[in-house]
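Quick mapping for you: the protein sequence lines, in order, are chains A and B.
Sequential numbering of the first sequence, starting at 84, is according to the numbering used here.
Sequential numbering of the second sequence, starting at 64, is according to the numbering used here.
To be clear, the hints were calculated from the coordinates, so they are not data collected in a lab.
Mixed in with the good hints, there may be bad ones.
[Stated by the list, open to error] Under 10 Å between C-beta atoms, here's a sample of chain A residues computed to sit facing chain B: (1) L123; (2) F126; (3) V226; (4) P227.
Beta carbons are placed, not taken as given, at the ideal position from N, Cα and C, and that holds for glycine.
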Amino acid sequence: MNASAWPLLELSTRLLDPEEREVVLGDLLETQATTWRGLLDVFGLVLRRQAGLWRDPRPWVAAFVVALPSSYLLMAASFSVTCTYQRLVNHRVFVGHWPTGHEGFPLLLCHMLLLVAWSWTAGYMIGSVSRRTLWASVVLAAVPSLDSLCTPVSGLCLFLFLPPAILGIWRGWQGSRLSFRAASVLALTVTVLMISAWTRDALWTANWALLCPAWYLVVGARRARPNGGDGIWPMRHARVL
Amino acid sequence: MLGEFEYVLITTAAGLGENAYGVAIRDEIEAAIQRKCSMGALYTTIDRLEAKGLRKTWVGEATPQRGGRGKRMVRVTPQGVRAAKAFYESVLRISRGATWVESRMGGNA
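Please model the entire structure based on the sequences and the hints provided.
Right, dumping it as structure tokens:
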């Protein structure tokens, strides 16, 4: 094997689990495979492993049911928060854009809190439901940003949800769990804020879908308690996938 | 019922006994079937067989030849032996009357 190609092979094996990576690298050294054969072997194994993961419904749920729609909704919510802020600061700006009811700073604060909570909980759910296919969820979540290239508004205001979402993904990916009490407080707070915004005609119907991840956390935390059962379907296997 | 490649893997690993590990199994298979055996096919099939309880694997000794890295050792379980035997017997049964089998039997006799 070409010694200069070894780092490339080592890098490619990073797509495998640590234990399997060591075995595969050992195999490649022992067989003295050519660089080309080594790369084919490693990528073939990675592809087969990924294909195996997608036989389970969880990666599909994380990518197509949570990541893609949430990304669209959160981008719209980010834009809405920006518009609300602009209207409060300067009444002549965005006159014709998406009225959000009886606006004021309390409502703006409510929207901002909701945006953070929605983003974090959706990110957490994506990160925890399917860890090894996270790349696919992230790619799908980035699809709506391609649409944003065609909009006349500034790109940044569409992505206010990104920092909390990334934090949520990170926490979910690490497999850390909220306590039942913390998850319940979070879900109840989000629900109350949403009802409050809804009664003031400042929430889209579609936004109710963003409440699901918060309650997913509650159910997961409840089942994860010592006497709470085996864990709900995705949570139980969160560390596996 | 085993698949064809699963049978090949179990039979090869059983033949290698204590020396059954990734590279050795692969070399044996390539020599026997005269075709390349990819690492992906090998390890995903080993995993599938392990999930069915037909073999056990563990990380074995590290050697200098492997850069100090361990081998993935394989041992066929009694259940795996039974499954391979059942596959072999079904191949024998289904092959009865086939022209190539009869001519071979005639030649041997």
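Hints, verified against the model:
no.	hint	verdict
1	L123	holds, 7 Å
2	F126	holds, 8 Å
3	V226	violated, 29 Å
4	P227	violated, 34 Å
The structure shown violates the earlier hints numbered 3 and 4.
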